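Chemist: Chains A and B supply the protein sequences, listed in that same order. According to numbering that gives the first Met the number 0, numbering within the first sequence proceeds without interruption in unit steps and concludes at 142. According to numbering that gives the first Met the number 0, numbering within the second sequence proceeds without interruption in unit steps and concludes at 523.
It is worth saying that the hints were derived from the structure and are not from the lab. Among the hints, erroneous ones may be present.
To be verified - Covered stretches of chain A, as calculated for chain B (at least 3 residues, CB under 8 Å):
1. 4-10
2. 23-32
3. 93-99
As the list claims (entries may be wrong) - Not everything, but these chain A residues come out facing chain B in the computed CB check (under 8 Å):
4. 40
5. 53
6. 113
7. 117
8. 122
9. 124
10. 139
These numbers were taken from a predicted model, which means no experiment stands behind them. Ideal Cβ positions, reconstructed from N, Cα and C, are used throughout, including at glycine.
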Amino acid sequence: MTERKIRVLVCKPGLDGHDRGAKVVAAALRDAGMEVIYTGLRQTPSMIVESAMQEDVDAIGLSMHSAAHMTIFPKVLQLLNEKGLQHILLTGGGVIPDEDIVALSTLGVGRLFGPGTPMADIAVYVKDEVGRRRAERSAAGVL
Amino acid sequence: MTVSLREVPELSDPFDDEGRDFAKDIAYPGEYPYTRGIHRTGYRGKMWTMRQFAGFGSAADTNARYKYLLGAGQTGLSVAFDLPTLMGYDSDHEFSEGEVGKCGVAIACLDDMKRLFEGIPLDKVSTSMTINSPAAILLAMYVAAAKAQGVTPNLLRGTVQNDILKEYIAQKEYIFPPVPSLRIITDMMRYCADDVPQWNTISVSGYHIREAGSTAVQELAFTLLDGFTYVECGIKAGMDVDEFAPRISHFWNAHQDFFEELCKYRAGRRIWARHMREKYGATDPKSWLLRFHTQTAGVSLTAQQPENNIVRTAIEALSAVLGGTQSLHTNSMDETLALPTEKSVKIALRTQQIIAYETGVAHVIDPLGGSWYVEKLTDQMEKEAEEIFAKVEQMGGVVRCIEEGWFQREIARSAYEYQKAVDKGDKVIVGVNKFVEQGEKLTIELLKIDASTERSQTERLKALRARRDAAKWSAALEAVRAACVDGSNLMPRLVTAVEADATLGEIIDTMKSVFGTYEETPEF
Chain A
0 MTERKIRVLV CKPGLDGHDR GAKVVAAALR DAGMEVIYTG LRQTPSMIVE
50 SAMQEDVDAI GLSMHSAAHM TIFPKVLQLL NEKGLQHILL TGGGVIPDED
100 IVALSTLGVG RLFGPGTPMA DIAVYVKDEV GRRRAERSAA GVL
Chain B
0 MTVSLREVPE LSDPFDDEGR DFAKDIAYPG EYPYTRGIHR TGYRGKMWTM
50 RQFAGFGSAA DTNARYKYLL GAGQTGLSVA FDLPTLMGYD SDHEFSEGEV
100 GKCGVAIACL DDMKRLFEGI PLDKVSTSMT INSPAAILLA MYVAAAKAQG
150 VTPNLLRGTV QNDILKEYIA QKEYIFPPVP SLRIITDMMR YCADDVPQWN
200 TISVSGYHIR EAGSTAVQEL AFTLLDGFTY VECGIKAGMD VDEFAPRISH
250 FWNAHQDFFE ELCKYRAGRR IWARHMREKY GATDPKSWLL RFHTQTAGVS
300 LTAQQPENNI VRTAIEALSA VLGGTQSLHT NSMDETLALP TEKSVKIALR
350 TQQIIAYETG VAHVIDPLGG SWYVEKLTDQ MEKEAEEIFA KVEQMGGVVR
400 CIEEGWFQRE IARSAYEYQK AVDKGDKVIV GVNKFVEQGE KLTIELLKID
450 ASTERSQTER LKALRARRDA AKWSAALEAV RAACVDGSNL MPRLVTAVEA
500 DATLGEIIDT MKSVFGTYEE TPEF
């Protein structure tokens, strides 16, 4: 059986409309062989988690430049946990200070990529991390 | 290869001018087609306005920053609003959670606007407000705040960005669909022509198109197309082009590629003048002038070795000055990480002052004009822009191309091509893909926004809603709604509404109930 392609939901949460980063990363992940669903703008945490469930994704990438990341990431994470979707990788990037990255990582958010990150780094991370999570679940007999 | 991935010649010579005519194509500064500048006396007559975009936290926080900047020798104000304000939500709306005062100042009612300019006489400063979908309401608040200071509207000088087309194309802070949005803009042009004659009603903006990833020529062409669309709307609404065109200004990005940027400004002036005179029949020379503000490129700044951003910004600013900008914002070194601190914004302002008063470049107008390379590249960019105009016309015009996502796709493609060139190392970014410092630690201080703004704004709005005259308030909102339906000019009704303490969100909701809202189809 061939393993199914990695499915990634790329989102722009909050009120900000600066979607350059989200679109570039979406295109890069697609060209790295993943299936990418781009939600578009102004997604609330519940819309994001709803889409993630509907689309049965392996990972969610949030693009944030509006300094609302400390509100949005924890909410998405909480909703994922409530719906039993802890296996979905929550990652992202944008303008996010280092200390906030550390705080969010403690909560269980995956790596967050700042300005200047090569696109390939993001693709490699998503592949590795989703692969690791799939292996874990498979070992635990969930998959 | 330029930052727009344009191949450039190694050397230019005088033998490839393709029939360029000095009098017709270049001429003297202050003369049609204004390739060399709009003023005969350049910066000797008037230095550019040093205008740093600023806003964060509450109106009181930002008021303090304005006083600091004016004290440091800044010559104009420029308001950055927070995202809820930009999107027409009050600070206490559920969608505003976590965003109040973060990317700019929170302004939800007339009282906020009054506090923003407390102690700053509005007949003495010029103020630029970066606001688009709700621009009419924020202008109404500004007019009302000035009235409260005893300043009549005819004395007000400033700009609202009010360029909704580039929002659909690039920055995506839209609320209403294109057609009602354009109607609001024509109401503003009419109102300002009559009552606020020194106000710039639209700042047609390439900045955001470029930041979203376009090339220099796309920025040039898409922006001018947006400008032409506003001109066509004004004419269609029955105004004489010379009544409103002199109050349309422009806003360019100053990116890293020095000569391409310089030629973009020169080509832009020439194209605007030619179209305004020849296509739209403007006869007042003021209608032909492309006056512009410039901001250095936020996207060119790096999070790595952020002090290097001071140098990038200085070089970008120099291209804007040599290109004849009327006003300038220089970015601060820390802006890829946070809103700027007082220290970093002061260095950015000092950068402009050094260019203005130490380097001598302000003494000579268009000093690079006549360079074979510069003239050739100016011609070439004009030609490429004209090709884009023809293509868009063939596809049914600007609004049609927006609705079909054409501009958005073109920009996304350019952004992706650029990122690939950076990742491959074809485009060098110092500190990012070359001259990288491993294990770099951030050594500069960052500004922290106090989380209390959201709470205090919520409390203030609650108190406002409790104390205002409910009958006056609901009558004023009803008048706004009626004007949306029957087409009477919205502006005087908006002024009355904000004076009756209707909040931004309440007015926007009233307008939404008639105009509806816009959604784009997500694509990448």
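Chemist: If you test the structure against every hint from before, which numbers come out violated?
Modeler: Result: hints 1, 5, 8, 9 and 10 break, sorted rising.
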